[in-house]
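Visitor: Protein sequence lines correspond, in order, to chains A and B. For the record, in the first sequence the residue sitting at position 39 is 39 according to our numbering, with numbers rising by one throughout. For the record, in the second sequence the residue sitting at position 295 is 834 according to our numbering, with numbers rising by one throughout.
Incorrect hints may have been included.
Where chain B lies over chain A, by a calculated footprint (3+ residues, C-beta under 8 Å) [as the list claims (entries may be wrong)]:
1) 331-345
2) 401-412
3) 430-441
4) 460-468
Listed next, the in silico DMTMM-like pairs over lysine to aspartate or glutamate satisfying Cα-Cα at most 25 Å (straight line) [said to hold, decoys possible]:
5) A:Lys229 to A:Asp252
6) A:Lys229 to B:Glu632
7) A:Lys483 to A:Asp463
8) A:Lys229 to B:Asp634
9) A:Lys160 to B:Asp773
10) A:Lys160 to B:Glu625
11) A:Lys160 to B:Asp719
12) A:Lys160 to B:Asp634
13) A:Lys160 to B:Asp877
14) A:Lys425 to A:Glu372
15) A:Lys294 to B:Asp773
16) B:Lys864 to B:Asp877
17) A:Lys130 to B:Asp877
In case anyone wonders, no lab produced these hints; they're calculated from the structure. Every residue gets a Cβ at the ideal spot worked out from N, C-alpha and C, and that includes glycine.
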Amino acid sequence: MDCKQRMAGDTLAWFFGSHMFMGVLLATLVLACSDQAYSFENDLSGDRVPVAELSWSRSDNNWRRVLTLQDHNTRVVLLGTTLLGMAAGTVGSFTLLRRRALMGDALSHATLPGIGLAYLLASHWGFDGKSLPVLLLGAAVSGLTGVAAILIIRNFTRLKEDAALGVVLSVYFGAGIAILTIVQQTSTGSAAGLETFIYGKTASMVASDAWLIGLAGLGTVAVSGLLFKELTLLCFDEGFAGSRGFPVVVLDGILMSLVVIVTIIGLQAVGLVLMIAMLVIPAAASRFWTGNMKRMTIISAGLGSFSGLAGSAVSGVFPRLPSGAMIVLMCGLMFFVSMLAGPSRGVFVRYGRRFALNRSVNRQHLLRGLYEYVEARGVHAGGEVHRVAVPFAEILAMRSWSAGRLRRQIRRSERQGHVLVSADKSVSLTAAGLIEAARLAHEHRLWELYLITHAEIAPSRVDRDADTIEHVLDKDMIVQLEKLLEQEQAVHGIVPSPHPIPSRSVVPSEDTPGDSGELPAASPEPLTSTESTRRQETP
Amino acid sequence: MQVWGAINWDWSLDGWIVLAGILCAVSASLPGNFLLLRRMSMLGDAISHAVLPGLVVAFLISESRSSLPMFLGAVIVGVLTAFFTEWIRNFGEVDEGASMGVVFTTMFALGLVMIVQAADKVDLDPGCVLYGAIEETGSDMLSVAGMVIPRVVLVLSTVLVVNLLFVVIFYKELQICSFDPALATTSGIHAGLMHYLLMILVAVTAVASFESVGNILVVAMFVVPPAAARLLTDRLSLMIVLSAVLASLSAVLGHLSAIVVPGWFGFRSASTSGMMALTAGLLFSLCALFAPQQGIIVRWVRSRMLSYRILSEDLIALLYRMEEKQPQTPRTAAVLRDALLATRFSTSLVLSMHRLQGHVDRQAQQHTLTDSGHRLGAALVRSHRLWENYLVTEAGVSMDRIHEQAEKLEHFTGRELRDRLDQQTQATELDPHGSRIPSED
Numbered sequence: 001m002d003c004k005q006r007m008a009g010d011t012l013a014w015f016f017g018s019h020m021f022m023g024v025l026l027a028t029l030v031l032a033c034s035d036q037a038y039s040f041e042n043d044l045s046g047d048r049v050p051v052a053e054l055s056w057s058r059s060d061n062n063w064r065r066v067l068t069l070q071d072h073n074t075r076v077v078l079l080g081t082t083l084l085g086m087a088a089g090t091v092g093s094f095t096l097l098r099r100r101a102l103m104g105d106a107l108s109h110a111t112l113p114g115i116g117l118a119y120l121l122a123s124h125w126g127f128d129g130k131s132l133p134v135l136l137l138g139a140a141v142s143g144l145t146g147v148a149a150i151l152i153i154r155n156f157t158r159l160k161e162d163a164a165l166g167v168v169l170s171v172y173f174g175a176g177i178a179i180l181t182i183v184q185q186t187s188t189g190s191a192a193g194l195e196t197f198i199y200g201k202t203a204s205m206v207a208s209d210a211w212l213i214g215l216a217g218l219g220t221v222a223v224s225g226l227l228f229k230e231l232t233l234l235c236f237d238e239g240f241a242g243s244r245g246f247p248v249v250v251l252d253g254i255l256m257s258l259v260v261i262v263t264i265i266g267l268q269a270v271g272l273v274l275m276i277a278m279l280v281i282p283a284a285a286s287r288f289w290t291g292n293m294k295r296m297t298i299i300s301a302g303l304g305s306f307s308g309l310a311g312s313a314v315s316g317v318f319p320r321l322p323s324g325a326m327i328v329l330m331c332g333l334m335f336f337v338s339m340l341a342g343p344s345r346g347v348f349v350r351y352g353r354r355f356a357l358n359r360s361v362n363r364q365h366l367l368r369g370l371y372e373y374v375e376a377r378g379v380h381a382g383g384e385v386h387r388v389a390v391p392f393a394e395i396l397a398m399r400s401w402s403a404g405r406l407r408r409q410i411r412r413s414e415r416q417g418h419v420l421v422s423a424d425k426s427v428s429l430t431a432a433g434l435i436e437a438a439r440l441a442h443e444h445r446l447w448e449l450y451l452i453t454h455a456e457i458a459p460s461r462v463d464r465d466a467d468t469i470e471h472v473l474d475k476d477m478i479v480q481l482e483k484l485l486e487q488e489q490a491v492h493g494i495v496p497s498p499h500p501i502p503s504r505s506v507v508p509s510e511d512t513p514g515d516s517g518e519l520p521a522a523s524p525e526p527l528t529s530t531e532s533t534r535r536q537e538t539p
Numbered sequence: 540m541q542v543w544g545a546i547n548w549d550w551s552l553d554g555w556i557v558l559a560g561i562l563c564a565v566s567a568s569l570p571g572n573f574l575l576l577r578r579m580s581m582l583g584d585a586i587s588h589a590v591l592p593g594l595v596v597a598f599l600i601s602e603s604r605s606s607l608p609m610f611l612g613a614v615i616v617g618v619l620t621a622f623f624t625e626w627i628r629n630f631g632e633v634d635e636g637a638s639m640g641v642v643f644t645t646m647f648a649l650g651l652v653m654i655v656q657a658a659d660k661v662d663l664d665p666g667c668v669l670y671g672a673i674e675e676t677g678s679d680m681l682s683v684a685g686m687v688i689p690r691v692v693l694v695l696s697t698v699l700v701v702n703l704l705f706v707v708i709f710y711k712e713l714q715i716c717s718f719d720p721a722l723a724t725t726s727g728i729h730a731g732l733m734h735y736l737l738m739i740l741v742a743v744t745a746v747a748s749f750e751s752v753g754n755i756l757v758v759a760m761f762v763v764p765p766a767a768a769r770l771l772t773d774r775l776s777l778m779i780v781l782s783a784v785l786a787s788l789s790a791v792l793g794h795l796s797a798i799v800v801p802g803w804f805g806f807r808s809a810s811t812s813g814m815m816a817l818t819a820g821l822l823f824s825l826c827a828l829f830a831p832q833q834g835i836i837v838r839w840v841r842s843r844m845l846s847y848r849i850l851s852e853d854l855i856a857l858l859y860r861m862e863e864k865q866p867q868t869p870r871t872a873a874v875l876r877d878a879l880l881a882t883r884f885s886t887s888l889v890l891s892m893h894r895l896q897g898h899v900d901r902q903a904q905q906h907t908l909t910d911s912g913h914r915l916g917a918a919l920v921r922s923h924r925l926w927e928n929y930l931v932t933e934a935g936v937s938m939d940r941i942h943e944q945a946e947k948l949e950h951f952t953g954r955e956l957r958d959r960l961d962q963q964t965q966a967t968e969l970d971p972h973g974s975r976i977p978s979e980d
């Protein structure tokens, strides 16, 4: 049942993921085809973060403008963030499994000094310091040196990965800030443009930016798709990949370069502080959906692109919502939903499973308790066992269950037709209930016998141990146990208990031996008519 | 007042800045040591981003920038961050880094949205939070007990005292919890409680440093000085002291370089907290390269020296064997090089070193051992052959494997060990291959 459930969950996840994926691709195509050379004039949300002035017209116009993609700028922004989310989700699922989730964080901070230096050098040599390719080149070079520094610290000193990331992140970022303060003093003007790399400026994305993000993003996705098997192997078992002749170092380099590319194109959109979210959150969220790597990657790409789309759309519709932060919040929302409702590890599914297990445990405890009560009194003459009524208080004393829990369980078992409740609240087994209860007691005792004969556990302790395992024994295991214990003839009967059944009842029963540390010389007579041939030779 | 002529150093201004930097750096590096040992170095970064919504809410509720509500807000959010991180790690079965990444980015984004939403009420500039305004330390002065000191210095010294007390009082508990939480729990120490206390401390330190000296500085000081100190020592107590020293050093040098270095390129000055972080990074790279035990270059030099010593000993032993077995073979540098499988450079280096020390003579390209060289070779060959004997007779190693073993062991065998080997093998004359074992002297 569990297996089926999981398969259903996976199928659902697959369905969800692939459809979202297709949707994104379609949207991309539509947007790309309708794209003409408009000039962008009005800032969609004007969201330099410490935002002061926002030029919003009327909000109903915004709704229409954003949702119907009338405005060219809207199209560009939505397309760009969607593709960015897709690329980051794809790459992120690899880095997550490689336990390098925060690599993106360190990396994005490490780009800052490169941006500043590129600006300074370019202006010094008489180029346009603010041109995007120059800045991104600087960012890439500086990011790669950051990655190299992390790898050197991790491989050549005794420090662990987290310290390496922390050192590189903070030092590079400090250097970046120091350089930015210098840049602000240059004669070529203020460097306000550079600061946007810290927080991002989605809204002022122009068509060329979107194309850059689109190309780089699609390229990233394509490379991940082509090298899917190799990268998966790298993430799961680096040593094995190496021993099979895969160029582990090259693959690692490719993965890190993909992270660098995604990070750099994302700097423009969401800024370096929040870029890490695009890399980590969709991937972490997709873990709740499936355990299959391929599906996880697709779902992660889907969640990422949806967050990008929804985040920038929300920020476009409502005033005063910075789009970078909104994209991240959308990611967070996706994560929260996945954590609750994910079909593979979600909270609901987990609680559901535990609830079902608890119920079945309660049911088994009730039936076996009733059976043992009846058996201990030896009331089996004339096949009228199931007519023996057990007082409610007696059952309550059998285990440490609350009266409410027991009452609910009795009602459930009554509905299943296993017990009958009489007017004085005493409970008796029905014929069907007796068969079921006998089966459960049989399984419990088989396991006890196994523990005594093969695991050499003291008979006084096996009851407890068997209690924990009996609920998860399946049929094959029972058959195996029976074979093992040479109880084949007992398939249809019930093994007697190898230890005295402790009298938990209010009324002490006469035929239960008092010394629980010893095996009983003779167990109480088993119930069914054929039992005398199957007496257990106690070990 | 002018120091070194070129620097515009004003004690009433720069002195306070440096003091604030030192206070912040030391108070961050104290808990940072334990974060490093717990492999949670990124937590400083995470918490200092995540407290943003806490600050905004505290600001909105209290409608002031006074410290207490800010602290409370930040501490609550900091603990929540640690809690969520733990929770997601358990539920999602992802590693600590990823769950941290999920929590702190979402919190930070939430904080940004709140700031923008309440832009006219909140006077919090995220830029200010990130860069810090350590340069303005001297502008907000308070008079305490007759002394006029900056508010920042007062706040940061309080934090430093709290952190110091915490580390001193709970030193043993923190130590056990960092190295072995399970042992701590069985010894009756509440490992979870210590974890959350540490988180609170990290949050408090981050917040106190936030508006005064900036996020970068505190994040850097959580990680970099402890990491550098870790490379210098194995003792926790020494590591904590060293990290504090390195932190103060980077604060002082950082401010100096913020004033001086940009001047070389014709600029006025750079961000002090940025330069402090950068200086800490430079100190870290110095430690990583030149630490006495762990330094990358130190270790490289040490391994190169060992390999040269082994090569030079192999060379002497080779010459000894050649003179013993095939006195007619030419012993030119090229022949020796081929026999030792060494490079041209290292062979000639080792040969010239031996000639300098007087172990080897060269006449017409032929190398011969001098008397001292001969004694050296005899000792080495004696070690080698004694070991071969020992390995065969006492350790039962098969004949075809003893040579490689003895080849390794001969370099680490002294006179005393040779005598004992000789005793153990009943002072046999010949080694298992039938060669004579040279006598001592």
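Visitor: Which of the listed hints are broken here?
Guide: Going through the list in order, the structure violates hints 2, 3, 4, 13, 15, 17 and respects the others.
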